[in-house]
Structures are given as structure tokens and as C-alpha cells.
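Number of protein chains: 2
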Amino acid sequence: MIAPSKNGWVVIAGLGPGNEALVTQEVRDTIDAATDIVGYIPYVKRIAPRDGLTLHASDNRVELDRATHALEMAATGKRVVVVSSGDPGVFAMASAVFEALEAGPKDWLDLDIRVLPGITAMLAAAAQIGAPLGHDFAAINLSDNLKPWSLIETRLRAAGEAGFAMAFYNPRSKSRPHQFARALEILRDACGGDTLISFARDVTKPTQQINTVALKHATPEMADMRTMVIVGNRDTRAIGRFVYTPRSAGDATS
Amino acid sequence: MIAPSKNGWVVIAGLGPGNEALVTQEVRDTIDAATDIVGYIPYVKRIAPRDGLTLHASDNRVELDRATHALEMAATGKRVVVVSSGDPGVFAMASAVFEALEAGPKDWLDLDIRVLPGITAMLAAAAQIGAPLGHDFAAINLSDNLKPWSLIETRLRAAGEAGFAMAFYNPRSKSRPHQFARALEILRDACGGDTLISFARDVTKPTQQINTVALKHATPEMADMRTMVIVGNRDTRAIGRFVYTPRSAGDATS
Numbered sequence: 114m115i116a117p118s119k120n121g122w123v124v125i126a127g128l129g130p131g132n133e134a135l136v137t138q139e140v141r142d143t144i145d146a147a148t149d150i151v152g153y154i155p156y157v158k159r160i161a162p163r164d165g166l167t168l169h170a171s172d173n174r175v176e177l178d179r180a181t182h183a184l185e186m187a188a189t190g191k192r193v194v195v196v197s198s199g200d201p202g203v204f205a206m207a208s209a210v211f212e213a214l215e216a217g218p219k220d221w222l223d224l225d226i227r228v229l230p231g232i233t234a235m236l237a238a239a240a241q242i243g244a245p246l247g248h249d250f251a252a253i254n255l256s257d258n259l260k261p262w263s264l265i266e267t268r269l270r271a272a273g274e275a276g277f278a279m280a281f282y283n284p285r286s287k288s289r290p291h292q293f294a295r296a297l298e299i300l301r302d303a304c305g306g307d308t309l310i311s312f313a314r315d316v317t318k319p320t321q322q323i324n325t326v327a328l329k330h331a332t333p334e335m336a337d338m339r340t341m342v343i344v345g346n347r348d349t350r351a352i353g354r355f356v357y358t359p360r361s362a363g364d365a366t367s
Numbered sequence: 114m115i116a117p118s119k120n121g122w123v124v125i126a127g128l129g130p131g132n133e134a135l136v137t138q139e140v141r142d143t144i145d146a147a148t149d150i151v152g153y154i155p156y157v158k159r160i161a162p163r164d165g166l167t168l169h170a171s172d173n174r175v176e177l178d179r180a181t182h183a184l185e186m187a188a189t190g191k192r193v194v195v196v197s198s199g200d201p202g203v204f205a206m207a208s209a210v211f212e213a214l215e216a217g218p219k220d221w222l223d224l225d226i227r228v229l230p231g232i233t234a235m236l237a238a239a240a241q242i243g244a245p246l247g248h249d250f251a252a253i254n255l256s257d258n259l260k261p262w263s264l265i266e267t268r269l270r271a272a273g274e275a276g277f278a279m280a281f282y283n284p285r286s287k288s289r290p291h292q293f294a295r296a297l298e299i300l301r302d303a304c305g306g307d308t309l310i311s312f313a314r315d316v317t318k319p320t321q322q323i324n325t326v327a328l329k330h331a332t333p334e335m336a337d338m339r340t341m342v343i344v345g346n347r348d349t350r351a352i353g354r355f356v357y358t359p360r361s362a363g364d365a366t367s
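Going down the list, the sequences are from chains A and B.
Read in order, the letters of the first sequence are residues 114 to 367 in the numbering used here.
Read in order, the letters of the second sequence are residues 114 to 367 in the numbering used here.
If you are wondering where the hints come from, they were derived from the structure by calculation, not from laboratory data.
A pair counts as met if it fits within one copy or between any two copies, since identical chains are not told apart.
Once the Cα atoms are required to be at most 25 Å apart in a straight line, the calculated SDA-like pairs of lysine to any residue come out as:
hint, residue 1, residue 2
1, 191, 134
2, 219, 361
3, 158, 134
4, 260, 338
5, 219, 354
6, 260, 350
Excised from the complex, chain A in its bound form (with noise of 0.2 Å):
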């Protein structure tokens, strides 16, 4: 075991949602100061590369063990970023660093260990469309790589018909095409056929699309994983080319 340097570091830094102008001064700080950059390949990509700097990219799906190289690599005196699409709290890699913390030898809990907030796809997409998150919101990962898709469906449904509105990350893969149509029976359902639920694809790219429907009208290739979903509640309405949520609610979620 390698004790841990005093001047080794690991920041798990949010890049945000794909523009340069989304970056934090905080993060492209400390990017400056990194000996190593860890992280999926098109987020590594995404660091520009310079004398003194390693980058280390890695595949999708191999979050803990891009997490545990992190933490060994400050372990020997690395200054290591692992960088991270939007914001590294919000179904991203900070969680990923700290299971790798807590499977990992003691002495690394006396490493400098540090998370720096970015901006996740849900608000850049909801500045896109509007304001569609300006009430009470549910944030549910669509993905069932890590959790039954049982438990997603009683997300939905509680989320619904308590009137949050709600964003939705990674919510349609190949894979399991049939998963996010039934999603949308569910928010039909829960929410009401005349719910506006908003399709944001690329947000902030060259390449950005808004798809704005009602619910009775959504349908399930209106998605796929590079698309951010994000459903309004009962009030959630269209003024002009804007979609936004009152800030006020009335007693009845239903």
C-alpha cells in the first residue's frame, strides 16, 4: 500500500452539457493545475491536451474502475481530474469515486478529495425550452443498468400524481426500446394526456433540437440517449416559443 501524498488530489469536475461557454472558471482552473485527466472518452476529448498533462480516457461502463485508477494515481502524488459530462453529482461520476473510496485501503480517506459542480443537461435544457423546472421537480434516471425497472415505474407514478414535474436522464437505449413507451403510459396516466412533456436533443450543440408535445401525443422515438425529456405538471403551458411552470400551485394534484 502507498501512503498518500500530501500534494496528490482528486477533483471530480462537471464539464456541463457540451458548449465551452457552460464551463465554470472553477474547473477550467483546476484542469490548469491536473497532471492527469480520467474520464469517458468523448468527455476526455473534451480537455485540451499540453505538456505535463496526461489524459486517460476510458469506455462507458467502467465507472469504478476509471474511479479507483483516480484515486491510485493521487495516491503517488497526481493531481488527477475526472471529468464528468454536466454536473459529477447528477448521475455521474462522483458517486462512482466515493464507492471506489469506500472498497478502497484506509489511507486514501486522507486524500484530498474534492467534487466541483457543473452544469447538468436538465437545467441547460430548461433554459432552452423555457422554464419548464420552475416548480417543485423530480430528477429520474430512465436507465435500468442499476436499479430494477419496477422501482423506475414507482418513481414515475409517485412523481405524477404528487404534481412534480420531472427530468429525465439516459431515458431510451436500444436495448430496451419498449421501456420508455411504457414510461410515457405511466406519465399519461399520473400526469394527465394534456401535460406538455418536452424533448431537448444535443442541448447547447450546433446540433441542439426542442420536440415540445402534449403527453397524448408523445411517442417513444421522440427520444433517444442523447436527448434530455423533461415533463411539466398540470400547469406547466406554452407562451409564445417558451414552455414554463408558474411558480404558484393551487391544492389539488389532480
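Dock chain B against the given chain A, drawing on the hints supplied.
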């Protein structure tokens, strides 16, 4: 009615939770291009005065007046930034601007209006705590200024029973001290007394304080209006000085 000027615009911009290093470049650039800044007094104070920039600071609870004023100025050709703390789409000014737009003259619909996201308080707080929002979560405003308290109780119970982590904005005020005590009761009942709750006061400011306890040990005076409160789910745990919610979840929500 004044015809909209093609040169005027309104941007609703998020300044993040307080630390200037968390402001995005997009927001900085937009403030540099503005002729007028509109907002609540403490947020307008964060903008550096300069020639050609007029600061319009107003008191709390006049959000609609402020939004209408911003749209009026844009219609006369001004370049107006409405500043919010955190993210403008999360319990902040974006919805108020769209409410004012809906209530205003029809030609305001032609105005150039944009929303620029910012780091919202719950994600800044989560980053300081570790990753307590690392799984599905709900964001709830505990103020009953704009909704009945009964609806807040319904949402707390629904989110807790469905196993969402939760972030609370405006958890407690002097005018309604008993309500947060009631919220804690509901949370203990819905989430179990061992679930972790974190109180993050003055997040990212020099005066920042973080305090995490089990729900059964939480007391109302641990929060005030400058505190973000984050409740984990039943899997949320402490590792070293951090609190995090694992990425995976089992079947049970109780």
C-alpha cells in the same frame, strides 16, 4: 404600446450560489454586453458597476414587477439582464419573466428572450457534501408563499416513500417556524430515522457550514433561510468526511 426594438433583449441569468468562480463565461459575457441589470438587492450587488450600465435593485417578493420592468426596458431597446442566484429556472426569476410575458402586450412575444443556466444551490451544496444526490432525487421549495402547505406535505411523503433523495429550498423562515418541524416528522416517517440529512449553510461562501446527522437526530433549528437541506435515500452513507448516495438501488423502497 411601444413596438419592440430588434436591438433590445432580456436575458435571465444564473449567478450561481455566491462564489464568483462558479459563474459561467456565458453569463459573464452577457453581463458585459448589458445596459441594465435587474434583480433582488443582494444579487445586483454582485455586479460590478461600470459606465453605461444601470443597476435596478429591488426588494424581495416583487418578482412580477421586476420581470415586467425588464420586459418594458427591452421593448425600448435596452439590453437587460435579470440576475438570479443559482439557476434562474429553479425557484428563481425565469418563471416570473414568463408569467409577466404572458400577462403583457402581445408584441412582447417578438422580444429576444433567453435563459442562461447557473449552478443551482442544491448542486453546489451536494458537491460540498460529497454526492448525496447521486441517484434519483426531488427538488422541493418548502416555502408556502405560492402553494398550500398541504401540497408540500403530500410531496414530501410521496418522494420519501418512493425512495427519492431530496433537496429543499427555503426550508425555514421566522414567519413559519413550526412547518420545518412538521417536515422533519414526515421525513422520519417516510424515509426512516436512520436516513442521513445534511444542512449546508452559506454554500461556497467563506462562512460555509456543513452538518450531517441521521433524521432521528435532526432538529428544526439546524436550518434557516440561508440553508440548503439535502436528505438522502436509505442507501445514502458516510465515507470519511463525505456523504454519498450509491448509483445502484435495490427493489425495495421501504
